[in-house]
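Chains S and L supply the protein sequences, listed in that same order. Under my numbering, the residue at position 46 of the first sequence is numbered 46, and the numbers go up by one with no gaps. Just remember that my numbering sits 1000 ahead of the position in the second sequence, which is counted from 1.
These aren't lab readings, by the way, just hints derived from the structure by calculation. Nothing here was measured: the structure is a model prediction, and the numbers come from that model. Warning: the hint list may mix true and false statements.
Unchecked claim - Simulated restraints on C-beta separations:
id, chain 1, residue 1, chain 2, residue 2, range
1, S, Phe-17, L, Thr-1046, 55 to 63 Å
2, L, Thr-1039, S, Ser-432, 53 to 61 Å
3, L, Gln-1049, S, Thr-271, 18 to 26 Å
4, L, Lys-1062, S, Tyr-493, 16 to 24 Å
5, L, Thr-1046, S, Phe-287, 52 to 60 Å
6, L, Glu-1054, S, Asp-277, 25 to 33 Å
7, S, Ile-318, L, Thr-1039, 42 to 50 Å
8, L, Met-1001, S, Ser-329, 53 to 61 Å
9, L, Glu-1054, S, Asp-522, 21 to 29 Å
10, S, Phe-322, L, Thr-1046, 40 to 48 Å
11, L, Met-1001, S, Leu-212, 19 to 27 Å
12, S, Ser-432, L, Gln-1049, 30 to 38 Å
13, S, Ile-308, L, Phe-1013, 57 to 65 Å
14, L, Glu-1083, S, Asp-522, 32 to 40 Å
Ideal placement from N, C-alpha and C gives every residue a C-beta, glycine not left out.
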Amino acid sequence: MKTISNRLLSNCHYIFFSIYFLIGFSIYKDYGFNIDETFQRRSGLYWLEYLSNFFGLEKISLIANEKLVLSSSFTEPWSDVYGIIFDVPAAIIEIIFSLNEPIQMYEMRHFLTFCYFYVGIIFFYKTLLNRFNNKFLSLAGCFLLIITPRIFGDSFQNNKDLVFLTFFIISTFFIFKTFENFNIKNIILLAIFSSIATSTRLFGLIFPFTFLFIYFLSILSNKGDFKIINKILIYIFFYILFLILHWPYLWINPLEKFLYLLSNLQTFGPTLIYFNDEFYNTELVPFHYLPLWVFISTPIINFSLFLIGFFLLAKVYILKLFSIEKSKSNYDLWNNNNEKKDFFILITFVILSVIGVFFATKHYNSWRIFYFLNCFFIYFSIYFLSLFFIYPKLKKYINILVVVLSVTSLFNIYKIYIYHPYQSLYFNELLSNKFKNKFEIDFTGLSGIKFLREVVMNDKSNKIKIGINSWYPLWRMKELLPEIDQKRIVFVYDDIKNADYVYSNKIYNVNVKLSDKFSLDDSFKLYKQHFIDGILIYEVHRKMK
Amino acid sequence: MMKIFIYKSLIIFFLIIIGFKLTFTYAQKTIERRIDHLTSKEYIDTIKQKLRSEIKNATEKKDLINNEDKDLLNNFINKIQKELGNN
């Protein structure tokens, strides 16, 4: 009996990851479609055509071009600056498996997003195990990250921010490996993954920056470290090399194009957001935008553990900083590799938070661009929990801790269940329903396909005229319906008065407190409002006959 | 000594940036937001609408100016005319 339980314990990570994969595999088709997906698909096809032309693969180039022409839409913005690490593999799979129905293409992309994140979670486990050397804590960390509702929901449809989170985690793992063993293999792997993180989101630049900064601090404490400068130069060389190699956008005039991208970040995204009951220009949001979003949409347990962990860790390094003169260690701020890893996490988190709060050129779509901060929240949480395994005084509380964690995790799971498949729109329990609705909710239009499916099911007319009373290209979702239903739906764009149904996900490009652009006349009556956990996801008005 | 100087410089640099952002940039952003609001199309349209409704209300009234104000304005204009006439 004991052997079985020992075996179970030693293989618990395999069980955990198998269950997680099965859950993901069984629900990935439930999710709505993110408005960015059509754009990202086009980006993948565009670069696939470019690459196949470059390498002389004519057949692939022709297919990609054909699909690219068919995918163009008059309302879609276009930019060739995005990295290719997700979009090109997705385009290749689409061609290899001859996925010609839009619904198949997008479901494949959702599954692929989940697979990327799944790999990210495995690396997160390895990262935590590398630092804390405790299987239970590492799995607890992965579990806390998975059951963070916004991350859970986005891991099935956000093929930008969650893909970045994945490469951020993998790069962190290799930076830890490099701290342990400064060999060429680890340096090159770090260069590869940190460059991929950079092409996915420019925040990836933090890796070379903090890596160099930590090296600078090493030299400051121990001048002998100067002799490994050649390895640092190797890292920089390979980082730049891989960045250019895997990012075709940089193949011609790389420096010029990179600087152009850095100086034009404000051109991406919407120009107006609804935040805390006010409309803001996205370039002029208040400093509390990011902290408030984190506070209201992170589960209470994650947020509480993170705060405690962060302050405890910050205290350690502040005390070290004030006693540098008395330090007898080889290095001023760390005594061993684990402390060096903690310092890396702390300094990276502080820098990214300062950038996010004070220097971000734009904020929009809640805080999805900063969702990668969740891996720091969990790291700090696990740091705090690890103290219970280290200090004898705290050890006796482990059972209580396990009970508290289990109950709160069950609560998170319950929330994931009731929000399904809109976990991406989660708000925590500290808020009243009224307050929750003072923020942008369905900003990626996940609910659009649900509305269309419902309307074609409930209305048997041959022609259903649909109007849109918000800033949302609902017509992009039409191709995801069966062909027979597509023919029944007619979108009325300017002539909304003639619509049978008017859909709104309450996302606007004008200040509706001052403008009547999105007001409806009396001939429309409220037909349906879809609420989850007190949050209005979308509403439908119907024309009175 | 050099080492301590560098650490202190880094901390002070960091604190100055945060301080600058919390004071100067905060005030600048608040003003920019206000200007952005006042010059937005929706706000200008609201003002136009308000003006239209005020003009409409005024034209619907029997008297635009009350008797007391009429006397006051009359006296004022007469006074100006008289003074200008003297020159």
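Hints and how they fare:
Against the hinted window of 55 to 63 Å, the Cβ-Cβ separation of Phe-17 (chain S) and Thr-1046 (chain L) comes to about 56 Å, which satisfies the hint. The supplied range of 53 to 61 Å is broken by Thr-1039 (chain L) and Ser-432 (chain S), whose beta-carbon atoms lie about 34 Å from each other. Checking the proposed 18 to 26 Å range against Gln-1049 (chain L) and Thr-271 (chain S) shows it holds: the Cβ atoms sit about 23 Å from each other. Between Lys-1062 (chain L) and Tyr-493 (chain S) the Cβ separation comes to about 47 Å, which falls outside the hinted range of 16 to 24 Å.
Between Thr-1046 (chain L) and Phe-287 (chain S) the beta carbon distance is about 28 Å. The supplied range of 52 to 60 Å is therefore violated. For Glu-1054 (chain L) paired with Asp-277 (chain S), a C-beta distance near 28 Å keeps the hint of 25 to 33 Å intact. The beta-carbon spacing between Ile-318 (chain S) and Thr-1039 (chain L), approximately 45 Å, falls within the hinted interval of 42 to 50 Å. Roughly 19 Å separates the CB atoms of Met-1001 (chain L) and Ser-329 (chain S), a value that falls outside the hinted 53 to 61 Å.
At roughly 26 Å, the beta carbons of Glu-1054 (chain L) and Asp-522 (chain S) sit within the given window of 21 to 29 Å. At roughly 55 Å, the beta-carbon separation of Phe-322 (chain S) and Thr-1046 (chain L) lies outside the given 40 to 48 Å, and the hint is violated. Separated by about 24 Å at the C-beta atoms, Met-1001 (chain L) and Leu-212 (chain S) satisfy the suggested range of 19 to 27 Å. Taking the beta carbon of each, Ser-432 (chain S) and Gln-1049 (chain L) are about 33 Å apart, inside 30 to 38 Å as hinted.
Distance hint check for Ile-308 (chain S) and Phe-1013 (chain L): the Cβ-Cβ separation is about 29 Å, which falls outside the suggested range of 57 to 65 Å. Range check, Glu-1083 (chain L) to Asp-522 (chain S): about 59 Å between beta-carbon atoms, so the 32 to 40 Å window is missed.
Violated hints for the displayed structure, listed by number in ascending order: 2, 4, 5, 8, 10, 13 and 14.
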